[in-house]
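K.L.:
Residue strings, one per chain:
Protein chains: 4
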Amino acid sequence: MTTFAEIAPQLEHQAIEVPSWAYGNSGTRFKVFGTPGTPRTVEEKIADAAAVHRFTGLAPKVALHIPWDLVEDFAALRVYANDLGVELGTINSNTFQDDDYKFGGLTHHDPTIRQKAIDHHLECVEVMGATGSRDLKIWLADGSNYPGQADIRGRQDRLADSLQAIYAQLSGDQRLVLEYKFFEPAFYHTDVPDWGTALAHVQALGENASVCLDTGHHAPGTNIEFIVAQLLRLGKLGSFDFNSRFYADDDLIVGAADPFQLFRILFEVIRGGGYGPDSEVAFMLDQCHNVEKKIPGQIRSVLNVQEMTARALLVDRESLEAAQQEGDVLGAHEIFMDAFYTDVRADLASWREARGLPAHPMQAYAESGHQETIEAERVGGTQVGWGA
Amino acid sequence: MTTFAEIAPQLEHQAIEVPSWAYGNSGTRFKVFGTPGTPRTVEEKIADAAAVHRFTGLAPKVALHIPWDLVEDFAALRVYANDLGVELGTINSNTFQDDDYKFGGLTHHDPTIRQKAIDHHLECVEVMGATGSRDLKIWLADGSNYPGQADIRGRQDRLADSLQAIYAQLSGDQRLVLEYKFFEPAFYHTDVPDWGTALAHVQALGENASVCLDTGHHAPGTNIEFIVAQLLRLGKLGSFDFNSRFYADDDLIVGAADPFQLFRILFEVIRGGGYGPDSEVAFMLDQCHNVEKKIPGQIRSVLNVQEMTARALLVDRESLEAAQQEGDVLGAHEIFMDAFYTDVRADLASWREARGLPAHPMQAYAESGHQETIEAERVGGTQVGWGA
Amino acid sequence: MTTFAEIAPQLEHQAIEVPSWAYGNSGTRFKVFGTPGTPRTVEEKIADAAAVHRFTGLAPKVALHIPWDLVEDFAALRVYANDLGVELGTINSNTFQDDDYKFGGLTHHDPTIRQKAIDHHLECVEVMGATGSRDLKIWLADGSNYPGQADIRGRQDRLADSLQAIYAQLSGDQRLVLEYKFFEPAFYHTDVPDWGTALAHVQALGENASVCLDTGHHAPGTNIEFIVAQLLRLGKLGSFDFNSRFYADDDLIVGAADPFQLFRILFEVIRGGGYGPDSEVAFMLDQCHNVEKKIPGQIRSVLNVQEMTARALLVDRESLEAAQQEGDVLGAHEIFMDAFYTDVRADLASWREARGLPAHPMQAYAESGHQETIEAERVGGTQVGWGA
Amino acid sequence: MTTFAEIAPQLEHQAIEVPSWAYGNSGTRFKVFGTPGTPRTVEEKIADAAAVHRFTGLAPKVALHIPWDLVEDFAALRVYANDLGVELGTINSNTFQDDDYKFGGLTHHDPTIRQKAIDHHLECVEVMGATGSRDLKIWLADGSNYPGQADIRGRQDRLADSLQAIYAQLSGDQRLVLEYKFFEPAFYHTDVPDWGTALAHVQALGENASVCLDTGHHAPGTNIEFIVAQLLRLGKLGSFDFNSRFYADDDLIVGAADPFQLFRILFEVIRGGGYGPDSEVAFMLDQCHNVEKKIPGQIRSVLNVQEMTARALLVDRESLEAAQQEGDVLGAHEIFMDAFYTDVRADLASWREARGLPAHPMQAYAESGHQETIEAERVGGTQVGWGA
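Residue numbers (this note's numbering), protein chains in the order written: chain S, 180 to 567; chain F, 180 to 567; chain P, 180 to 567; chain C, 180 to 567.
Simulated from the structure, these hints should not be mistaken for lab results.
You may find that some hints are simply not true.
Which copy? The list can't say, so a pair holds if one copy fits it or any two copies do.
With a cut-off of at most 25 Å between alpha-carbon atoms, the simulated BS3-like pairs for lysine-lysine come out as follows [unchecked claim]: (1) K295 / K281; (2) K210 / K281; (3) K415 / K281; (4) K210 / K295; (5) K415 / K295; (6) K210 / K415.
Treat the numbers as computed from the prediction; the structure is a model and nothing was measured.
Make a model of the complete structure from these sequences and hints.
P.N.:
Structure follows, in C-alpha cells:
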C-alpha cells in the first residue's frame, strides 16, 4: 500500500475556489434564515473567503457572481483581494433573477430578451478582463414547467447561437464553461439537463469551451465518477462545482451526504489526469448553507475535499490494476476500499503544521474569535443573500 | 361500458377546496416573479378563490394559512366569503417562517420553542371556532440537513407529545390531519417523511386524527394509489393535497405531469369509498404556480380533477372484477384503460351548461374580462406571496 | 384544431418492428412462467410476429437476436418470413449469455475475449447480408458490480476500438446502432449508461453509426422527449426500443405505465422529422412480457404506438407556436393537452376497416381462434425463452 | 472521544445469520454464471456457511429457504450443522417459484391457490419445530404488472386473512416477520411495498409479529435509518436483511455501495436498543452474489457489518447530544463523522487474534486452501442456485 509520505507532495497542488455567495444568507423557497456576521458588501464576502484560505491553505481564489458582485472598480477589488491573500476567480453569470427572464435568457423566444442575456454575458467577459479571471461559467435556469409550454427543440438552436455570440468574445486563455443541471428551477424541462447536452454545445463552440460538472445536478442513481472519467477522456471536463445532496440539489457540504462517492469521483479525477499541475480542471465549491455557520461550513468543505483527495491518492493503483486484470472482483474492491478506510486525518494535521497552517482548522477557527468579531462588527446595513 | 349519463349524478358531489395562497406570488429559491393583479389582502385572495368557484362550481371552500391569513375579525371574514359564494375551509398552520423554528417546531429540542409551536396550533384551533372549519392541517418543515445534526428518535417522541397537546384541544367534529412529506425544506431527514410515520402518529392520537396525502410528497417510483387504497382501508385517509410534480415537490397543476396517475388515484378513491356524500375525505389543491396566471391555473386544476373523476367513475367495475378473477391481465388492463381514454370533455361541457355554469370555464374566464379588471384595479399596496 | 381526416394520410407510414424474443417465455430473476402456445423454433416466433402484423398492419418486420435466432439458412428463413407477409429486420447481437462474458465483451480486459465479442458482431454483419437487414443493434451488458472492480476509463477506450473494428465491416446502407442503458445487469457501473456516452462513440465512428433510445433505460425523472429532440437535432437518433416501465427496465407494454410520456415522445419525434417517409429512424418494440399472453401483448403494444401517434399528429402546431411565442403558458399547455385527450379510437377503427384490417384488432385476435390453435398445436419440444 | 477498548466488550454480542442461498449460483434475468466449488446439496451450503463462521466468529446461524432447503430429516440436518459449529436459523418461505403463484400467493384471488400458499407456510412452521428456529420470515413476490390487472385493495384484505391463519399456528417464542419490498418481481404494484404496510399487518396480528427491513428494498432517496429508528420506537423491528444496492435490489455486499449509510443505520440500531444481549432484533444477510466468489463474499459482508458496528459504537453520544442541544450543526455533524472516519481495522485484527480468530479473515481464507479444496471436490452433481 502507498504511504502518506509518498503522496504528500501531490497535496501541494490542491486549490479549491470558494464562491462569494457562500457567505451570504441562503435558504429554501420556504424561508431564508438570517445569521449574525453575514457580509453586507462584496468586500466582506471576500474577507470571509480569505479567512477560509487563511485557516486551510486550500482556497486561494474567490469565484464571483455577476451582478451580485458588481463593483465600479474591479481593479481595486482585485487589489483588495490580493491584499487579503486571495485572487478573484471564475466569473459566474446570472440570467435568472430579472423579470425579463421568466421564460428563459439565452434560449428565449423573444430576440430582445435573448440579446439582453447575451449582453449580460459580454459584460461578464469584460469583468474577466479586469479581474484576470480565466473562466466564464454559465449555468442556465432556462426551461419550462408544463409540457407544451415551450419549443424544446427551438430553444436548443437558439442556445447554440447565443453561446456562439458569447464565445466569440473570449480572448487569449479565457474559457467558457457550461454547466448542466437535471432540474430546478424549471420542473418539466431544463435546457441543459445533462452532460450530453453540455458536451454537444461545447463541442460546437471549440477548444476553449468545456463542461462544468456540479456534483448535485444529476438524477438519482447516476454514476457521477463515470461522467468524470468520460469527460476527461473526451478532453472536455472544465471544472467542478462541489457540494453534496441527498435528494435534489441540496447544496450541502461536499462529502457530507456520501463520502464514498466523493472518494470515487476524486479517484477518477486523479486517474484521468484531472488533478495536478498539468491539469486545467478547475475545482470550485458551489454550496449554499442554510442552517450552519457559513465560514466554518466552507472550511469543513475544503477539508473534506483535501482528506478525500489524500485517500484517493493512496490507492495502490498498480495492485489494483493487477487484480482487475485477473478478474479478482473482491481483491480489486478491497484494494480500493483499503484507501478509502484509511484515516488520513492525523497525517494531514502534521502536514499542515509543517506548512505553518493550523493542524486542526475547524478548531483553530472556533478558537480564533473571528466569528465573534464579525458578529460584533457587522451590525447595520443589509446582509447579502442570493440576489443581493 | 358505463355511460356518462349513468355517472353524471355522482359528479354533483365534487367539491375541491382551493388554497388562499394559490393566488399570491410564489416561486423557487432562485426567484419569485411578480404578476399584475396579484392580491394584496386576504379579502382579495378570497375573491380570487370565489372566481374559481363561479366559473366551475367545483370550489366552494377556501383553505386558509395562519399566520398568512390572520385577520382581526374572522367572523366578518366568514361573512365576506359567504357573500362571495364560498366558505372558509381547512386551517393550515405554519411553523416554518419564524427564525425560532430554524431547527424545528413541534419537534424542537428546546421546550420553549416547542411550546411556542404548540401555542401557534392552539391559536389555529381558535380560528377554526370562528371560521367554522372542520380540519386543522399540520404540515411540518421539521428535519435536519446533516447526519448527526439532530436526534431523529427523540424528535419523534417530542412530536408525539406536541400533537397530543394540540389534539386535546379539538372539540366536536374537529379533526387533526397530519401531512407527510418526503423531503424539503430539510434535506437529510424529515420528521414526518412518509405515510407510515403519519399513520403511527394519528393512530396514537385517536379517532379524529387522520393523514393528509399530498400527491407531490413521495419518492420517485412510489405507487401513490396503493397508499390511497391502504389508508382508506385503515380508515385513516383524512384529506388530499392535490398537485403534480415531475421530480421534487413542484406544486404544478394537478394532473399536468402524469394524468394517468391522477386517474389511478381517483379510481382507488372511488373504489375505496373516499368519494361521495358518505365520505369524509377532504379534497384540496396545494399548488403554488410560478409562471402561469393564478386564477386560470386554479380553474384548470379543479377541471382536471373533475375530468379525471368522470373517467374514473366510467370504469366498468363489474367487468373489471370478472377479468381480474380470470387472471385475464390484458382484458382487465384494457377495461381500465378504456375509461381513461374516453374523452369526457364534451359531455362535461353539456353537464355544466345544464347547471348554469359556463360550458368551457377556461374560455369563459378569458373572455370575462375578470383578469384585466383585477390587473387594472390592484395597483399599489404589497402583493401577497409566501410569507406575506 | 386539426382533424383526424387531416392527419390520416400520415398514419400510412407507421411501421414498427417487433422482436422475435417477445414470443418466448421471459420473466424475472425470480421465475420464468411458461405458457401454452409458446414457440419452440425461430419459425414459430416469426409466425407469431406475422400474426401481429396480420391483425394490425403495423408490424411488417421482425427483429432477430443472434445467437438465439441462428439458423443454417437465413435465405430460406427470409423466404419463410416473406411468405407470411413480413420481413426480417434489425439484427441484435448478444454478448451476455456466454460464461466468457462474465466481465464484459467489447470492453473486456482480456484481448482474447474481446476479440471473441468482436467476431460475434462480425458474424452478425454476415447474417445481415443474408437477411437484408439494414441495422446492427448493439446493446452491451458490460459493466461492473463493485467500485474498484473494473477500470472504467480503460474500458471506454477498448470499447471505442472494438466498435471501430465492427463498424469497418459494414457496407452500403448498413448501420451500427448503439443502445445505452442506465443499469442492469451490471449494478455499479455500466459501460454505455447514457445517451451522451452512446453519442460520443457513434460520433467517433462516422455517419452510419447512430444511437438507439430504449424508453425504459433512463434514471427516474429523466425527460426522455428532450433526449429525442436533442438526438434528432444532432442527426444521431437511429432507432427506438419501445416499452414502458414503472421503476427499472420493466419491459412492459409501451404506453402502459405513462401514456402521456409516450405522447410527448412521439410529438418530439414528429416535430423533429423522425417520423414519415423521409426519416430513417427505426421504430421497434423491445418488450418481454412475463404474465400476459404474448401475441395480444404485442398487438396491444403496436396499437398503443399507433393511437398515440395519431394524437401527437393532432396537435395544432401553428396555434401551439403562437401561444408559445406569447408566453401563454396555460394556453400552450392546453393546446397540447387537447390533442392528448382526444379519443382517436373510433376514427382509427374506421380507418383500419377501410384498409381491410380488423376494426378492433384485440377483439379480432381473441375471436379468431388463433391462440387456441397454437396452444393445441405447439405441444412437445422445448419452448423458447431468453437464451434458447 | 470513545476508545476502541471501551467499546470492545460490546462487539462480543455480534451475530449475523448468513443465508443458505448465498452459496449457490445466482444472477440476473440475463444470465446466471456458474462457478467451480458451488454446493450441490443443503449440506454443502451449510458447510460453506460454517466456513464463514470459522474465519470470522460472526456468523453462528444459517437461514434456510423452503423448499430450496427441504430435507427429509431436519433433526439430522440440525445435528450436522451443530457439528460444524453453526445453528439453523430463520426459516424463509417461498411462494414465487411455482406456476400456481403467477398472480400471487397469500393475496391470490383464487381461494385454492391462496390456501396452498397458507399451507406452505404451515409446513414452514413445522420445519421451525424441527430446526428450533425462532423466526418465520415472509417475503411476498405478490403484485401486478399493469394498472387494472389486480384488485389492490381486495388483495390487502386477503393478505390480512392469510397472515392471520399462519400466525395462529405459531407457538411459544416463535415469531412471524414480514418483509416489505418496493418493487420486483412485480412492476406496477407490490402487495407489501413499504414499512407502513408491513407495520399495519403485523400490528393487526399481535405481539409476536414484526417487520423485516431489507436495506435494498426502498425507493431512491429513502432515509433508511429513519425507518430503523421509527420501527424500534414502535417496538416492531424484527430483523434486518443486510445487503447493498446502487439502484434496484442489487443484493451486493452490505456496505459496498454506501458505507456511510450502513454506519448511520447501525448508529440508530444501537441508539434505539436494537443491538446487544437485550435486543431481539435479528441480523441477517440477504445477498446473492453474481460475479464474485461466494464464501469470501460472505466473509467480506459480515466483516463490513462488524467494522461499521465498531465505528457506530465509537460515536461519543454524550458530546453529540450536547452539540445537538446547542443547535451546533457543524459540531454535532463533526462528532458523528469523527467516528465514521476512524479506522478500526487494526484494533479489530488484534481483537480477533485475542479470541483465536484470524486477524485478517479474508487473507486467512485465501491462504487456507479451502476454496481450492471445494473446487476440486465438488465435481459432478448439479450446482444449486435459486430454485434448486
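K.L.:
Compare the structure with each hint and give your call.
P.N.:
Results of checking the hints against the structure:
1. K295 / K281: Only inside one copy: K295 and K281 sit 13 Å apart there, 39 Å across copies, limit 25 Å.
2. K210 / K281: both (21 Å within a copy, 9 Å between copies)
3. K415 / K281: Neither: 30 Å inside a chain and 32 Å across chains, both beyond 25 Å.
4. K210 / K295: between (30 Å within a copy, 18 Å between copies)
5. K415 / K295: neither (28 Å within a copy, 32 Å between copies)
6. K210 / K415: Answer is neither: 37 Å inside a copy and 31 Å across each miss the 25 Å cutoff.
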